[in-house]
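First to last, the protein sequences are chains B and A. Counting from 1, position 253 in the first sequence corresponds to residue 269 in the working numbering; the numbering is continuous, with no gaps. Counting from 1, position 83 in the second sequence corresponds to residue 88 in the working numbering; the numbering is continuous, with no gaps.
A few of these clues could be false.
Result set (EDC-like, lysine to aspartate or glutamate): computed pairs, CA atoms no more than 20 Å apart in a straight line [to be verified]:
no., chain 1, residue 1, chain 2, residue 2
1, A, LYS102, A, GLU26
2, B, LYS240, A, GLU248
3, B, LYS90, B, ASP30
4, A, LYS262, A, GLU248
5, B, LYS200, A, ASP112
6, B, LYS240, A, ASP113
7, B, LYS240, A, GLU72
Cβ-to-Cβ under 7 Å is the rule here; a few derived chain B residues that face chain A [unchecked claim]:
no., residue
8, ASP30
9, TYR34
10, PRO174
11, LYS240
No wet-lab data here; the hints were simulated from the structure. Computed from a predicted model, the values in this text were never measured in an experiment. Every residue gets a Cβ at the ideal spot worked out from N, C-alpha and C, and that includes glycine.
Here is what each chain is made of, one letter per residue.
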Amino acid sequence: MSSTSLSSHIPDLDLITYYAEKQGSFFSRVSPWTKACLLAFLILLITVNRNLLILAGLYAVVLACYVLAGLPVKKLVAWYALPVLFVVSLIGLMIWNEPGVPLFSWALPGFELTLTDNGVLLVVTLLIKALITVTYSLFFLMTTRYQHFSGLVSRLFPAPLDQIFLMAYRFLFLTLAMTAALLKAVWSRGGGLIHSLRMQGRLFAGIFALVFIRSFERGERVHKAMIARGFSGSYPHSGEVPRPGLAEYGVLAITGALVTAAIILSPYRGW
Amino acid sequence: MTIIRRNPEAPHCPAVDHARELIHVDCASHTYADGSVGIHDMCFFVLRHEIVAICGPNGSGKSTLIEHLNGLLLPSLGTIWVNGRSITGGEQAGLWKEVGVVFQSSDDQLFAPTVLDDVMFGPLNMGLSPADARARALGALTTVGAEGLVDKLPNYLSGGQKRLIAIAGILAMKPLVIALDEPTSDLDPVHAGMIEEIILDLRDRHGISVVIATHDMDLAARIADRVCLVRNGAVFAEGVPEEIFYEPALIREAGLKLPGIVQTYLDYCTASGAAPISRPLRAAELTMALRMLPRDKNLE
Chain B
17 MSSTSLSSHI PDLDLITYYA EKQGSFFSRV SPWTKACLLA FLILLITVNR NLLILAGLYA
77 VVLACYVLAG LPVKKLVAWY ALPVLFVVSL IGLMIWNEPG VPLFSWALPG FELTLTDNGV
137 LLVVTLLIKA LITVTYSLFF LMTTRYQHFS GLVSRLFPAP LDQIFLMAYR FLFLTLAMTA
197 ALLKAVWSRG GGLIHSLRMQ GRLFAGIFAL VFIRSFERGE RVHKAMIARG FSGSYPHSGE
257 VPRPGLAEYG VLAITGALVT AAIILSPYRG W
Chain A
6 MTIIRRNPEA PHCPAVDHAR ELIHVDCASH TYADGSVGIH DMCFFVLRHE IVAICGPNGS
66 GKSTLIEHLN GLLLPSLGTI WVNGRSITGG EQAGLWKEVG VVFQSSDDQL FAPTVLDDVM
126 FGPLNMGLSP ADARARALGA LTTVGAEGLV DKLPNYLSGG QKRLIAIAGI LAMKPLVIAL
186 DEPTSDLDPV HAGMIEEIIL DLRDRHGISV VIATHDMDLA ARIADRVCLV RNGAVFAEGV
246 PEEIFYEPAL IREAGLKLPG IVQTYLDYCT ASGAAPISRP LRAAELTMAL RMLPRDKNLE
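Please model the complete structure; the sequences and the hints are all you need to start from.
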């Protein structure tokens with residue numbers, strides 16, 4: 017048996033696909049079009065909104081949907097590590113010397129760094145925005161069958177962009193599987209990511225380069241196997257993407273109106 | 006049929022049986038971009054309703070030949086005919102519908118998110134409607150005994166299950182010929198046995214010709230109707246298993262070893278001083294053959 021799980025903090029694509037194909041909840045029966053539109057609305061809403069209460073409410077709703085869909089919450093918390101790391105590393109420099117009530121100061125030769133209440137608020141706001149997007153994106157992926165997802169991509173993107181997108185998605189599986197195999201080989205002989213990097217940095221860099229070369233070669237073999245079964249550059253779709261029902265159109269209309277109102281009323285309009 | 010030794014000087018290999026011939030490889034050569042020779046003056050044919058085993062050591066050209074049968078590779082020299090069409094003459098369109106290839110590594114073949122999606126891939130490429138493709142896929146999965154894996158994810162299957170799905174993916178296209186590259190390598194005995202049964206079933210119940218590239222001599226001895234010994238990119242001898250595998254010098258020349266049953270029988274005959282009077286290839290045949298040999302008191 018194989019799995020593409022490299023670390024508990026990196027989303028496991030096999031597990032995501034497993035939930036997507038299992039189709040175990042009410043949300044799996046919701047049209048992928050509805051879920052995709054809601055994703056677009058969500059991104060628009062969190063782009064124009066900075067109100068912490070509204071953002072926290074949105075996060076609570078998205079998280080509730082994730083939980084109600086029967087998706088793994090512990091895994092989600094572990095997968096938050098990367099977006100949190102991303103946000104913190106991105107705004108690590110921006111949070112200092114924001115106007116507001118100073119909370120903490122750090123004197124350095126030539127200048128002083130001050131953390132204010134607005135600086136903290138900025139971190140929290142951006143973190144919540146990131147978590148909303150990540151949680152909903154995972155919810156979308158884990159409740160939508162690949163067949164429908166690929167149909168959606170084919171309808172939204174023109175050829176050959178849709179094929180490139182779909183193939184790149186599948187290639188990601190190969191690369192992660194190769195990396196997982198490499199890490200297993202390292203661990204099996206007493207190595208560790210940090211330990212091996214410190215002890216045999218050059219060798220380790222070479223091995224990682226090899227992972228990409230091998231993934232590419234494997235991709236070529238997969239491509240060859242696809243050609244052997246008649247692939248001619250266009251991934252065939254085995255079914256239509258389910259259309260939204262009447263109730264779903266209603267939800268979309270209401271959400272659309274709310275988002276439009278939020279955009280019009282937003283003081284940050286025009287950003 | 007007797008053992009045929011190929012004449013390397015012959016410019017062409019004549020057809021053996023025009024009426025039954027599905028594939029005819031006529032002195033084909035293929036050289037890879039780095040200059041290494043894949044096949045050289047390869048003469049090979051596949052008849053209707055037969056199982057052909059291509060036997061040779063690693064690097065002898067078995068996999069290269071398999072990829073030529075499906076049009077994945079085209080020869081630099083020579084001609085290949087499939088079902089009366091010359092694929093080297095530009096008629097290779099749709100060849101994948103007639104000759105299916107099961108690759109050595111199932112992980113290279115299975116790429117779709119679910120087993121059903123993967124098995125449906127070929128039929129959908131053939132232009133079948135999703136409903137028909139689904140029916141074909143379910144039928145193929147049932148044939149290989151994997152109907153219980155329909156909704157599973159390929160990445161969570163065992164090696165043996167993956168091999169069954171890979172075969173179903175080809176079978177769903179209902180080709181005339183299925184070529185399997187090392188079909189039982191890396192499999193446990195139970196799954197290897199299942200694959201063996203499926204190969205026999207393909208010929209006997211579905212009327213599909215099967216080509217297997219293997220260095221598992223026991224498998225070739227048990228199921229092949231005809232064995233081709235490959236060395237340095239060319240078939241240098243071929244014949245029925247009873248004749249090929251009872252020529253130890255020929256097998257050594259191919260860089261291979263005798264099947265276990267054959268080796269055991271010949272060793273017993275040597276030890277007992279009896280001349281071999283039959284040519285067993287399967288366990289049941291060996292038991293019968295040993296019973297028929299005159300008893301040697303020294304061995305009792």
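Results for each hint:
1. With a C-alpha separation of about 17 Å, the suggested pairing of LYS102/A with GLU26/A holds against the 20 Å cut-off.
2. As the CA atoms of LYS240/B and GLU248/A are separated by approximately 36 Å, the hinted pair breaks the 20 Å bound.
3. Between the alpha carbons of LYS90/B and ASP30/B the distance comes to roughly 16 Å, so the proposed pair stays at or under 20 Å and holds.
4. Annotation: proposed proximity of LYS262/A to GLU248/A holds, straight-line Cα distance about 15 Å (limit 20 Å).
5. For the proposed pair LYS200/B and ASP112/A, the alpha carbon gap of about 18 Å is at most 20 Å, so the pair holds.
6. As the CA atoms of LYS240/B and ASP113/A are separated by approximately 9 Å, the hinted pair is consistent with the 20 Å bound.
7. Taken as a hint, the LYS240/B and GLU72/A pair is honoured in the structure, with Cα atoms around 10 Å apart against an allowance of 20 Å.
8. Satisfaction of the interface hint for ASP30/B is found here, the shortest Cβ-Cβ separation to chain A being roughly 5 Å, below the 7 Å cut-off.
9. Satisfaction of the interface hint for TYR34/B is found here, the shortest Cβ-Cβ separation to chain A being roughly 6 Å, below the 7 Å cut-off.
10. At about 21 Å, the closest approach between the beta carbon of PRO174/B and any beta carbon in chain A exceeds 7 Å, and the interface hint on this residue is violated.
11. Evaluation of the LYS240/B hint against chain A yields a held restraint, the C-beta minimum of about 6 Å falling below 7 Å.
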